[in-house]
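Peer 1: Starting from the known structure of chain A, fit chain B onto it as the hints suggest.
Residue strings, one per chain:
There are 2 protein chains.
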Amino acid sequence: MGFGFTLKNKDKDSRARRGVLHTPHGDVETPVFMPVGTQATVKTMTPEELEGIGAGIILSNTYHLYLRPGHELIRRHGGLHRFMGWDHPILTDSGGYQVFSHSELRKITEDGVKFQSHLDGSYHFLTPELSVGIQEALGADIIMCFDECAPYPAAYDYLARSMEMTTRWARRCKDAKVRDDQALFGIIQGGMHKELREKSASDLAEIGFDGYAIGGLSVGETKPIMYEVTEWATAVMPEGSPRYLMGVGTPEDLVEGVIRGVDMFDCVMPTRNARTGTLFTSFGKLNIKNASCADDGSPVDPECSCYTCRKYSRAYLRHLHHAGEILGMRLNTIHNLHYYLNLMKDIREAIEAGRLTEFRNSFYNKREV
Amino acid sequence: MGFGFTLKNKDKDSRARRGVLHTPHGDVETPVFMPVGTQATVKTMTPEELEGIGAGIILSNTYHLYLRPGHELIRRHGGLHRFMGWDHPILTDSGGYQVFSHSELRKITEDGVKFQSHLDGSYHFLTPELSVGIQEALGADIIMCFDECAPYPAAYDYLARSMEMTTRWARRCKDAKVRDDQALFGIIQGGMHKELREKSASDLAEIGFDGYAIGGLSVGETKPIMYEVTEWATAVMPEGSPRYLMGVGTPEDLVEGVIRGVDMFDCVMPTRNARTGTLFTSFGKLNIKNASCADDGSPVDPECSCYTCRKYSRAYLRHLHHAGEILGMRLNTIHNLHYYLNLMKDIREAIEAGRLTEFRNSFYNKREV
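First to last, the sequence lines map onto chains A and B.
Whatever position you read off the first sequence (first residue = 1), add 22 for my numbering.
Whatever position you read off the second sequence (first residue = 1), add 22 for my numbering.
Extracted from the complex, chain A is given alone in its bound form:
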């Protein structure tokens, strides 16, 4: 099926791992951050620009593409890779998270989830089987099991029942899968409870998937809790399979996730914040809207080598933002994604060189200056 995962080396002081994902559309060096292309486009960016800043794999959203333009249309146009002109690996989520966060009037049963579209109010019924069917039509290299992303906080009993159902849904996803050129990942749920997370992980491992994700985090819990739950999960996740922390997170979260043994991340933060003028830098966040940027001829981050920092001043970027110019959103997106992807590159090099602890100290020290 063309999918595999090679562990290249492990950090001596932490659970961090350096690996390679093998997919039908090429290899991906891990740990990796996946830019989010919700509607078959990473907002504001061309595929060539994504390549230029070193994106190896992107994520797209099943829920959105199912509703518009429709997965059958994308199938007729050669699948998602061809439709959007991206010839490198893609991961699609299952639609589970979006059904719970975007749609209205959802009703969950053992069979699946009935929900109303956020676009036109139409009714839909999403099941594990349909989720896999949609994802097979889209044709991503990695597809995800349909899961319930439980609300936070939630009662223990609810979380336990929800996690057990997510595991049953995962089995149905595996059974429904027809294509043999796509990897299928299971999703560990169980809220902020160690025993539920461990049960979820071991049950999924028993079914057997190509990779395992940690779902239901970054939903409102504190950072220490998020890091602790991640640590519980990675402690029991299969060593030889890729580990994906879904929807996470800040630059700090990436560093902390890697140290706890995570291989893959995705988050809208770098792209969404770019469009509202918040930029990530080696010294922390910079709000380009600030008056202090108005007459500042220096680049966003003097340590950054991205197109935006090589060519434009803070003064110009602030002007573009205030004038509502699309180029501003583009240049900010290039910078933020470059920052995230470059951070992951630095992390990979630090793991290889056996100096991840030093890297982490230096990462935090710069931000405190």
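Keep in mind that the hints are not guaranteed to be accurate.
If you want the ones that stay clear, here's a sample from chain A, every Cβ over 10 Å from chain B, calculated [unchecked claim]:
id, residue
1, S36
2, Q61
3, H86
4, R90
5, T131
6, E261
7, V290
8, F305
9, R340
10, R352
In silico DSS-like links for lysine-lysine, alpha-carbon gap of 27 Å or less [claimed, not checked]:
id, chain 1, residue 1, chain 2, residue 2
11, B, K333, B, K367
12, A, K34, A, K65
13, B, K129, B, K221
14, B, K311, A, K65
15, A, K216, A, K199
16, A, K65, B, K333
Calculated from the structure, these hints are not laboratory results.
Since the model is a prediction, treat every value here as computed from it, not as a measurement.
Glycine residues also receive a C-beta, built at the ideal position from the N, C-alpha and C atoms.
Peer 2: Just chain B, lined up with the frame of chain A:
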């Protein structure tokens, strides 16, 4: 001062001319279309993308940049070229047209125009001297005289007085000019009256400018009137100087303008229409919003060699438009500007080859299919 105009050859059957504008930031082949970069950015495009589709010179707007971010700020940041990262020729308009079309509560006197900013309602007084001062701070290669763009329709007496004042303002602009590395163009006014246009042209020629523009067209008059007024003007405009038809127009207008002896054009049409989904093609306009595009795997224009047409389907572009994705506006803008710039390239080659009449016939024939 680094500015000049070379006439390379003239069409045998029309007034069309093939020339070269020499500017401090390089040569520009004419006839030329200038993409509009109102707020120090051609909307959605990077400078490199503009280069890639063959843009030789762009236009930027004095009125907008004066109000935001302010010409003194741009001067401090090395002028407009450096501020926006465009190292090729730029033309700035005088602010005259925008004062009349964008601002509120304007009051015109011999001295200048008092107006309220469309951004914050603040009061400003723009004079010929201030317009030149702003344009010198911005530092474009070609700057324009401050003129009154009279409303249409307007009484003959009003148009005559307005035109005479515009000529007096032109003299004041020339007197106010300090920098010797910028070309200054005079603007011919006079509404739709032959004798006023001729008087305006000859009075301006007597003062002496580096080039001459036809202002006050494309303001609501019919196409035959616009073409006729253009013809009256070019008949009396100095042969050895570049001729610029301001704010025009459709692809048909460019062909008709060139045939009547125009060397330079600018218009927001290709960029603005791109953002609302109207695309220019060799067979006429295409509305990407049309249901007929929804499942259409073909490119926008099979004859087009732009990035958008080489890589993406109508179905994808329609999806991006419907999903409100910025990439759609970008890809549409690339296509429309490529169409305009390529049309001008074809026109230049046709003039050189002495087959402009054949080109014009073929241009119209394709659109009638």
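Peer 1: Against chain B, does S36(A) keep a CB gap of more than 10 Å to every residue?
Peer 2: With a cut-off of 10 Å, S36(A) remains clear of chain B, as the shortest Cβ separation is near 38 Å.
Peer 1: R352(A) clear of chain B by more than 10 Å, beta carbon to beta carbon?
Peer 2: R352(A) is in fact no farther than 10 Å from some Cβ atom of chain B, at 7 Å.
Peer 1: Measuring Cβ to Cβ, find out whether Q61(A) lies farther than 10 Å from everything in chain B.
Peer 2: Nearest chain B Cβ is 4 Å from Q61(A), so the label is violated.
Peer 1: Just double-check R340(A) for me: nearest Cβ-Cβ distance to chain B has to come out over 10 Å.
Peer 2: violated (8 Å)
Peer 1: Over 10 Å to the closest beta carbon of chain B is the bar; see if V290(A) clears it.
Peer 2: holds (14 Å)
Peer 1: Is the Cβ of E261(A) more than 10 Å away from each Cβ in chain B?
Peer 2: The assertion about E261(A) holds, with a minimum of 39 Å to chain B.
Peer 1: Check the hint pairing K129(B) with K221(B) against an upper bound of 27 Å on the C-alpha distance.
Peer 2: holds (25 Å)
Peer 1: Quick one, are K216(A) and K199(A) close enough, alpha carbons at most 27 Å?
Peer 2: violated (30 Å)
Peer 1: Could you grab the alpha-carbon distance between K65(A) and K333(B) and see if it respects the 27 Å cut-off?
Peer 2: Holds: K65(A) and K333(B) sit about 18 Å apart, inside 27 Å.
Peer 1: With d taken as the least Cβ-Cβ distance between T131(A) and chain B, does d exceed 10 Å?
Peer 2: About 30 Å separates T131(A) from the closest Cβ of chain B, which puts it past 10 Å; holds.
Peer 1: K333(B) and K367(B): Cα distance at most 27 Å?
Peer 2: holds (22 Å)
Peer 1: Would you check whether the claim that H86(A) is not at the interface survives, using Cβ distances to chain B and the 10 Å cut-off?
Peer 2: violated (8 Å)
Checked against the numbered hints given earlier, the structure breaks hints 2, 3, 4, 9, 10, 12 and 15 and satisfies all the rest.
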